[in-house]
Structures are given as structure tokens and as C-alpha cells.
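Construct the entire structure; sequences and hints are all you get.
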Amino acid sequence: MDFTLSPEQLLIKDSVARFAAGDHAGTEKWPQFAELGWLAIGAPDELGGFGGPIETLLLMEQFGRGLVRSPYVAQVVLAGQILRAAERTELLERLVEGTERFAVAYEEPQARYDPAAVKTTAVREGEAFVLTGTKVRVLDASTANTLIVSARTGDEISLFAIPANAPNITREPYASEDGYDVANLRLDGVRVDAAQLIGPLGDGLALLDRALDHATAALCAEGLGLMSLMLEATVEYTKQRQQFGVPIGSFQALQHRMAEMFIEVELARSVAYMAAMTLDEKADDPVARRRGVSAAKVQMAKSGRFVGQNAIQLHGGIGMSEEYKVGHYFKRMTMVERLLGDGQYHVARYIASRGAAVTAAPDRDPVGASGSRAS
Amino acid sequence: MDFTLSPEQLLIKDSVARFAAGDHAGTEKWPQFAELGWLAIGAPDELGGFGGPIETLLLMEQFGRGLVRSPYVAQVVLAGQILRAAERTELLERLVEGTERFAVAYEEPQARYDPAAVKTTAVREGEAFVLTGTKVRVLDASTANTLIVSARTGDEISLFAIPANAPNITREPYASEDGYDVANLRLDGVRVDAAQLIGPLGDGLALLDRALDHATAALCAEGLGLMSLMLEATVEYTKQRQQFGVPIGSFQALQHRMAEMFIEVELARSVAYMAAMTLDEKADDPVARRRGVSAAKVQMAKSGRFVGQNAIQLHGGIGMSEEYKVGHYFKRMTMVERLLGDGQYHVARYIASRGAAVTAAPDRDPVGASGSRAS
Amino acid sequence: MDLAFSPEDRAFRDEVRDFIATHLPADIRRKIQAGDHLVKDDYARWQRILFERGWVASGWPKELGGTGWGPIQRHIFYEEIAYGWAPRLLPFGLHMVAPVIIEFGNDAQRARYLPKIASGEEFWCQGYSEPGAGSDLASLSTRAERQGDTYLINGTKTWITAAQWADWIFVLARTDPNAKKQEGISFILVDMKTPGVTVRPIETIDGGKEINEVHLENVVVPVANLVGKENEGWTCAKFLLEHERTGTAGIAGCRQQLETLHELIAHESIDDPRLDERIAQVEIELEALAFTELRTLAAESAGKRPGPESSILKIKGTEIQQALSELALDALGPYAESHLAPKYFNYRKTSIYAGSNEIQKNIIAKRILKL
Amino acid sequence: MDLAFSPEDRAFRDEVRDFIATHLPADIRRKIQAGDHLVKDDYARWQRILFERGWVASGWPKELGGTGWGPIQRHIFYEEIAYGWAPRLLPFGLHMVAPVIIEFGNDAQRARYLPKIASGEEFWCQGYSEPGAGSDLASLSTRAERQGDTYLINGTKTWITAAQWADWIFVLARTDPNAKKQEGISFILVDMKTPGVTVRPIETIDGGKEINEVHLENVVVPVANLVGKENEGWTCAKFLLEHERTGTAGIAGCRQQLETLHELIAHESIDDPRLDERIAQVEIELEALAFTELRTLAAESAGKRPGPESSILKIKGTEIQQALSELALDALGPYAESHLAPKYFNYRKTSIYAGSNEIQKNIIAKRILKL
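Chains as they are written, first to last, in numbering that gives the first Met the number 0: chain A, 0 to 374; chain B, 0 to 374; chain C, 0 to 370; chain D, 0 to 370.
Think of the hints as simulated: they come from the structure by calculation, not from any bench. Be a bit skeptical, because a hint or two may be false.
[Stated by the list, open to error] Derived Cβ-Cβ restraints for the label pairs, each shown as a range:
{"id": "1", "chain 1": "C", "residue 1": "E202", "chain 2": "A", "residue 2": "P166", "range": "38 to 48 Å"}
{"id": "2", "chain 1": "D", "residue 1": "I269", "chain 2": "B", "residue 2": "P285", "range": "21 to 31 Å"}
{"id": "3", "chain 1": "C", "residue 1": "K369", "chain 2": "D", "residue 2": "D40", "range": "23 to 33 Å"}
{"id": "4", "chain 1": "A", "residue 1": "D154", "chain 2": "B", "residue 2": "A351", "range": "37 to 47 Å"}
{"id": "5", "chain 1": "D", "residue 1": "S268", "chain 2": "B", "residue 2": "D283", "range": "35 to 45 Å"}
Don't be surprised by glycine CBs; every beta carbon is placed ideally from N, CA and C.
Written out as C-alpha cells, the structure is:
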């Protein structure tokens, strides 16, 4: 058992940290990401790919600390993992080069985060499929060249790659609370041919479920970064902020609150790693994967809410101000908390995935598979 | 609106307070209670009865403060209210005189507090009924002369008064954690005649439900007394207990904890009164009665747990010791919390009883009927 | 002991309820129901209507136009305002500066300011918090130099609601820099049109723009605008804060939130026992708090001065408001971002302002538990 | 980065697991599974078995009979002890006084005490807490007067687990009454059979009788029983407390509790989504904590001294134990009183002893957050 980073991992961590610490507001840094090779994390070797969930964690944690507003999770992790598992190397290559952008459209009204709740249909017409339905809160939809859309093919769900400018698609873009590019999509009889199938017919849900777990783990890493920075900012602020002639950080009630925030950050750190490890070592065990990742998101949601709310509280009025950073971290944390499934959704998913997993079952690894015994 | 006590109410409060503050350990004070007229609270005038839920509250709050171990709730409130509503004046008279003791046997294995979950049967044989079944956790069963037993008569539930020494009854008495007299009962074909019916045939559940609400409200009052004393003891202790050269009550983290305990005690005080008022003023409205009383028990359970646990925590090691009073209050509070239904049971009962009660419905009284608007 | 309202109180409640139902402009009610931001004119119109009815100056002496209500009637009135989806009366003039002018001001000041405060002809804002201060009010650094019969005021005030609408601001300023902390502070009324007064909006994380910073740069104010004695402004400030802190727990507002929440859940047909239980727990706590408020009102009516118990109402009231905004967010899950997140963000402030909940706990510990 | 245990560690785990399965006396296992109290002989028999296997003196230097385990092996061993329903090794000799004797004692003391501690031939108990002291250890008042080559000890020690079984007690006593607080304290070993030593059991609210008060009245002890230098006992105490606080979070024990809880729910066929959710929340937090412990172990193996991070394990570990005992109570509702309430009562102590959770938060604030 060993938590030390390899030289390569240290290299990424530091370069991302440098970027995140700098000025990255507004303008799109995608080409730079491609150059730095960050878009190749998790890609196969033949595409110059390297690393996996751990490297993604190291990157996203720093993105969180720097409040980097980037489509990285939606592009490289969510779309990337779908394309990789579906072995669509030619598409993945363009993603890695940064020449093509993807948007995964899986959620539907009333689906409440569930990728299986799909009403959109893909009806076969000879060699082609015709897609009709509505997708909501699609990340990066307005910048994407290609949409990856889930649709019902009979009882099962399949994925299709569709040019964003294809006829009969209407996009209603809007900005989420924290300024991310989101859109609702309407498909009215969109024609695609069988070559546009991503993965085998009917494998859509499995592909999505797996890729969503990768993306959720990445969000947990971002949440960790957001939280750890909020804690540091709060500690710093309470040390310099004077009240009644002393720094407010000298008040025991606030000290204990910050100690509790620290504990939550450490638990969040643990589950972020747990999720990444699970993806690494339980890639072939979907039950353990779901359990590990959902557990992580549940803890992240709980810890993030506690840390965020108290960061605001301990900053006082200034924490409420748009001009001061902690408020923006709190808002992003609130979104990360619910993106791809909030605590309620994931605790239900966790319970459902318990299945046979016995508490203290003899031969589990320390990673993933909550309710397991170290082995 | 007026919270001031009448001279009569002040009189009871003070006399009970004096008794509770004195030495009342061990020996049975029942005859003394009868003499003082405490057994007549809530009884009809012709029996020299006086007062109602408010007077019961005043008495039970003091019993709580003094940790008086007494069958008062089981006898005077639970049995008493059944006998009163069923107009069994001759039995009620003996209760008020203190010459006869009753035990209400309504709960059954797996009933989880629900008085409607009755498997015990009363089968008609000519003029008589034959009762068969099992009752659990019957309060005061070993000292009672008369058992009031719920049993199924067809689809409905009826109550029967049975001499405790009747044939075919087996009692397994035991002491609950806090030293109360409890027993499980087994009835193997116990013969009773129709005259032993309490209330009309099939009215048992309504009688029980109402009397249980009265008893639950009384327990809320006891809980209030337990909590307020635990808070006072904790404040006193932390003022005199020195650590690191200062009283531990000077540590802000503990001060805030005690402030939170104080808030919980005040909320508990409010719901104890709310429950009593509901019984007073909503006697004719079972939905409002259930709602008000269950709401009170839910808050009492939550507040009591918080106050009890922190009273122990702030006392430190000595709080764990059997020799020091706060531990005994904590144990009794834990029992009161679950007696006649814990928080989970009553929150479910509260939700179920919402029915048509709209939040902010125009014409509710401030008392009872939670989710109502003052009027 | 009797917890029902008296027949008179019930009659009063019905009167207020009917009045609001019949006199509140429909466009204003719609805005509030929709959760839209109100503009100055909305507040002004509504205050004018209540003013003509004689229902604005609660807590003022009757001879100065006060309503003559007791605590319970005042409570009923504000509850009905909330239930009726009516705008609140902005407190900065009516319930902050006015009581100070009444208590510490002179007759000229009473005659000059009170009528226009009551009619809403002049809007006010508060000028006590400063960037440096916060809960520790007395550590303010705004200076007011006496120069003959004027004061020269320099400083910055912040977290000021509705400053962009205000005609006047009441300022706590240091008139004796050598005196220690609480001493050497004065309470001065400043016309917002005076040269050197600038208002800068502070955008809050929920996108709101009602909070402002007010800069006072070489602002010249006649000494006649001093309320009470020079260097004794802290007495006014303490008096004013007591007033503010004995505020209501916002029960009615919470009940409205709860109602909206139940409607949302019905509308989205969400069926989740875990959620039902969490809501019921908050609902029950709200009822317990409502009853607690009634107990304190009954005590006030019986002549007891509002005391530190009001800290309970502040702490629990804001905790419940925040819990309800979280529940709404959780109930709607993915659909919440757009319209509910801002409310959730906005409500974080309630545990910070008007004496943070930590300060309130200090008050309970010190003044009630005597720790 | 690699979080799986090494093949060697896995092999060791299996070895320990098999050994416990085959060597733990069945009557002892049954007692623990039933939650019955153990008697001295149960602990003694089991320690003897482990001693013969060479598995008792973890953390001791190998030449003194230590196991030579690293942090991860030690962790695995204690986890397996819990999973295997085996008695814990009483820490008062093995992990409290022994490390102090090893670090500060002389060879004669090492030769005299360590072998019998390891074999379990002599049982020990701790004598540092006092009725007056508590978390503020240094404020102890037990006196040890030097009289030639003996000490005359007077005082009372309290909250002493297993004193009724102990052959020896290690006592912190004031040898220089004029020195200030931490100074003038000495660490002295006292034979429980010495005249003047009396043990009084303290019954706890769960009905337990393992806690005791030990009175020392004119107890005469040879100076040879002094460990380290006179008046420098506080160094020993600090060393010992560090050792105690870097205790485990009791993950394995919590997993056992959780397993029992799941069995109870299945057995009573309770179906309540609200309860399932609460259990899942605690279960997830437990996994997060387990992983946190593994992170600290990995750090230790990488040579980092166990630091204040162990406070996290103490706080969360005890919170989870308490949460689980509450869940068991709530799950069983009316049927819980009899057998589960005592456990719930008993677990309240976990957030008090070994440095109360409040003290732990102070440690985090001061030593980690530098507040």
C-alpha cells in the first residue's frame, strides 16, 4: 500500500497546479490543454494516451482549487470514456487532438439523473435510424461538433454520434448557476445511419453507466479541490479578520467548526481516492464500481455542503459578496454536489448496488466496494 | 392568549415540586398521591376530580425534574382516560381512591407501538368471551389488580377488564432499563363475561388511541422536566468544574453547546404545552389531536436525545457513573423517548394524519394541529 | 392559562386579512408569488395604502401616529402581511431610525422626519456596519469632525439594503477619536443628496443587487442632524439593535415556503418517504418555534420586556428558513438549479446578518445561562 | 500509487485469520458474539496463546520480544482480532507502560517487567486520571514524598479500567509540590498488593463494573520503581498519551456492529427506507474513515511519525460507533430496551475518554490548522 505519486504524476499535478493558480478566466484554453497532453489522459497508447483515473483526479483536484471553468469532465472523461470503451478510436483521436468537441445527451425531463430513464426513440428504417425525443441539461451542447445521444432501440438503449448541425435538432442553450454552458435538446426525426452507432446495438446503457462513473469520480476530485481551498481560505480569513480586538480565528467555537470542516475535507479526500482506485482496480466489476463511486459522491455531497455553508458563515457578509472568491467556490460546489446525481440519488444507487456485498466480506480490497473489509 | 397559571394550578405545581425535590426513592407513595388528590386529576367532578391535561403537564414536569419513578402515567392517565371515556365510574373511583391498580395491555410482539396491530382474539361463547393471545411490555402489570386488555372481536378491537389473578393468565415481569415494572402477558383462553367489556363492543381502538395520546402528552411533560433539569445540572457543573485553571463553562465551544441545549429545551417546552392544549381544545377533533401529540413526541424525542447526550458529554467521565444523577436522567429520557412510540413511529403517524390539513390553513388555532396558522 | 387568541384579536386578524385581500394591488401580489424582485415604487405604493389606513407605525406612541397595537396585534399584522403575499414594510425608517428619533431626538427632529417616514414619502437606510466591523459594531472608523455648526464626515458603510432607494441614511460616526471604543460615537442623519455621498451596489452570490456600499467623502452635515448627545451615539445604537434583534422568527414566511414546497412536490409528483420525513421534521420544528414565539408574545403582553429569549427565534428561525431552502433544492434535484439555487444561496445570509447566529449563542450563554 | 495490500501483507492476514479461527477457545468466541462480559481468565488464556505464537508485543523492539511488525501488519492484526470475535489484548501493560519502560526505564526494569507483561503473567492498569483532573492531566494532586529510598504515596486515581484484575498500576504522582504544573511529576510503578492500595468499582450507567477508583493511602514504594528521572514523569506521560491517541479508529469493530445491525434488520424483517438511508450514510462514512486510516498507515510506513491527524480517527471513529449504537436502538424500536440500550449508554463514553472529542478538535485547530 503506497500513496506516493510517481514522477509522471507529480509532473501533471504541478503543471496543472501552475495553470490553475494563474489567470484562466474567460478565454477558452482547450488548445493549450491539447498541447500539454491533458486531453490524452485515459486514452489508449496509440493515441499518445497515458494515465487513468488517478491522473484525472490529480488534474481535477487542481481545477477545483483554481476554480477552473472547463468542459474537461464532459469532454475528456464522459465522452472520452464512452468512445474508448466503444473503441471509436477515430473520434477519440480528434477529441485528444482538441479538434473536435462532443456533448453527451443522456438525461431527459423527469429522469432525475437516471440514464436508464430514456423515452427518446431510435426507430429503424432500413439501414438508418430515426431519433425523436427531448434531452435536458446537456453539458457543452452549444460548443460541441458532435452529439452522443442515448435512445431506445426496442427494449434496450443505444448510443448514436450525431453532427451537432444535423437537421431537425433544436438547441436551447442556457448558462447554469455557476456559468457553465448547458442546453436542452429537441430531436424531431433526426436521421442517422447504422455507422453512427457508438458501440454495439443495445450496449448504450452499459457504456453510459461506466462513463458516468468515471465522470462522477472526476467531479468528486473537483469537489475535493473546491473544499480544500474553501477551508484554507476560511482559516486564513479568520486569522487576519479582527473582531472585538482579536482575530475571530481565536474563538473556540469557530476553531471547532473549522476542525470539523477539516475532518470533512479529509473524508472527502479519502472517497475521491477511493473512487479513482475503484475505477482502476474494479474496472471489471460493475457492482463494486457503482458502489465505490456512488459512496464517494454521497460523502462528497454531504461534506461539500457542510464545508461550503460554513465557509460562507465564517466569512460573514463578505462571503455573500459576488466580488469575493469563496462565494463562487460555494456556488460551484453546490452544482458539483448535484451534477450527475445528488446525494439522494447516489445513496439510493449505493443501496441498490449492495446486492450480495456483505459487510466485512472476507476478501475485498481496501479500495471501492464500501462495506468491505481491507484485504 | 395567556400563559399565567391559575392559583389552583400554582398550588399543584408547588406541592408536586416540593414532593419531587424531597426523598421519594424506593417506597411506593401511592396512598400519599391519593391523599394529595393527585390521582383525581382529569377525573369527573362527582369523583372529586379536577383539572385536565394542563394540570397533568404541571405534575409530570415536576416528576421529571425530580426523577420520580411512579406508575402515574400508566395508572391515572392511560387507564384513567380509558375508564373515563368509557364511563366506567365505579372502576375509575377505585383508581382515584388508590384502592385499585390497573395495567393496560395493548402492545403485541412485532406491533412496533401500533395499538391497531392486535392478534389477540376474544371469541364469543354465549354471554362470555374467551381471550387468547400475547401482550408485551405491559406497564405495572405485576402490581395491577385489574388488567385492561385489547382483543380482536371480529374485525374490530374491544377492551376488557380482567382480574389480574384470573385463571389462564401468565405474567413474566421484568424491570426495564430505568427500573420500571414491566411484564409480558400470555392469555390462554381467559374467560370474561360481557359485563367486563370496557366501552361498547368494537370501540376499543378509539378508546385506546385517545388515551394513548393523553399518556403520550404526559410523557412529553415528563421529558420536559428531565431535559430542563439536565440542562441546569450541566450549566452548574461546567461553572464549578475547573480544567486548565478555569471553569470549563468558560470555553466558548461548550457555551454554544449549552446554548443549543437551551434552545432544544425551550422547543420541548413549547410542544409539551402544545400537546396539552391540543387535548384540551381539540378533544373533539381526533385528527388534530393525533397531529398535535405526535408532533410533540417527535420534537421531544429529538430534543431529548440531543440534550441527554450532551449533558453526559459535558459532564465527562462522571456523567457515565451510576453514582451521579445526570446518568439516571439520561437513561430515563432514553426510555421516555421511545415509550408509547419513538420519534420514527410518531413522525409517520404525524405524516399519515396530515390528511387535509393544509399548511397555513386559514382558521386553525395556535394550539395543536401543526402546520396550521395562528388564528 | 388560555392559548387561543381573544375575540378582539381574531376580529383584528380578519380585518387585516380582508384589508390586504381587497387593497393589495394585484400586480404586486403576483410579483411576490412569482418570487420576482420588487422595485421601490411597489414598496412605496403599498406603504401609502397602509399609511392611509393608519397601519404603518406600529410601536410608535399613539400621539405620533403610532398604531397603538400590543405585541400580539403587531404579530398578527406581520403574519398576515406574509400570508397575504404583501410586501413587508421596509424597517429602516419605520422601525430603526424612527424609534431612535422618538427616544433620543428633539421635537424639531420628530416633526421634521417622522411624518415622511410614516407616509413613505422619504425612504431611509442604515449606516452602521462597516467593512472593518461586522458583528463588532463599536469598532467603526467613520469619522465626523465638528467644524462650527457642521460635521465633516468621512468613511465607508457597507451591507446596506435599499441604499439605492434611500433619501436619508443614519450614520454612526466617531466624533471623538481619542475616546475608547463605545465612547466618542455619534448618531447623525445624512441626506443622501449631500455632495460626497456615493452608493455602490454589491452584487451577492444569488445575483441580488439590493446590498450596497455607501461612501462618505467630505460630507458636510449640519449639527442639527445629530440625534441625542454628541459622543453618546452608542446608546442609540444599542437601543436600535435591541429593536432589530427582537425581530420575529419569520414564522409566516416559513409557512409560505413550506406550502410552496408541498405544492412543488405535488406538482412534480415526487414520492419519497425519506424526503417526507425530512420535511415533517422541519415542519414540526417550525410549529414548536411558532409556539415559542407565542409564548414570548404572551410574556410581552403581560408586560415583560423583550429579552435575550429573542435569540432563540433568530437562531431557529433562520435555521428553519435555510433548511427549507435546502429541502426545496433537494426535492427538485436536477430541476432545481435554475430557479431555486439563488434562493438557497440568498438564505445563507440569514444566519449572518442582524447579529450572526454565533453572536446569538454568545448572548444566550452569557445573558440567560450566565456562563 | 498502489492501495492494494502487498502479497506479503495478504499472506500475513490469512495466517492471522487462520490462527484465530483454529486457536481461539470456542467458549470465548461465543461470549464475545453474545456480547457477554469477559472475565480475567478469558483475556489471560487468549494472551497466553498469542504470546506463545509471538504475537503480543507489537511495537516493541524485536530484541525485547517485539513482533517486528510495521504499521500495516499491526493494523491487519488488530482488524483480524475484531473480525475473528477474539478478545482484544488489554493495552495497559503491553501498549501503555511497556513502551514507557522501554523508552525511559533501566535494564533492570526492562528485565523485571517486560517478560511478565508479554506473557500476561502480570496484568497492569493505568493510574493517571484523577477525580479533579480529567482531560487536564497535568493538574493531578497525588503526592509521592521521597523518604530515603522509598516514596510515600497518597492520592486517588479514577476511571481505571480492569484495576480489579491488575497486579500493577503505573502512577503519575507529584514529587515536587512547589514546581509548576507539568514539572515535579514522576512516573512510578506500584504493586497492587502493597498495603494502602484499595480498589473501589465505579458502576457505569450501562450496568458495567470494569471502571474503578484506586485509593493510595500511605503507600510505600521503593525508589527503584521510579521510571525515568524524578520530576520528569510528564515526559513519560506525554509519550504514553501520544501512543494512546494514535489508537485505531476501531473500523473493524464498527464493521462488526454494522453486520450485526444488518442481521437484526433482516431477522426482524424491518423494511424502512428511512432507516436504510441512515444506515447507508453511516456505512459510507465508515468506509471513508477506513480509507483515511489506510492513508495514515501508508504515511507511517513511509516513515512519517503518527501526528495530530489521528484526532480525525478518534473523533469520527467514536461518532460512528455511537451512531451505530443509536441506529440499532432505532431499528429495534420497542424491542431494543432490554439488550441494546446498555450498549447505547456504554458507547457514550467513547467521545469522552482518551482525550474528549472537544480536546481532539482543539488539537486539530491548534496543531494542524495553526489557529
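Hints and how they fare:
1. E202/C x P166/A: 38 to 48 Å: For P166/A against E202/C, whose Cβ atoms are near 41 Å apart, the range 38 to 48 Å holds.
2. I269/D x P285/B: 21 to 31 Å: holds (28 Å)
3. K369/C x D40/D: 23 to 33 Å: violated (53 Å)
4. D154/A x A351/B: 37 to 47 Å: holds (38 Å)
5. S268/D x D283/B: 35 to 45 Å: holds (39 Å)
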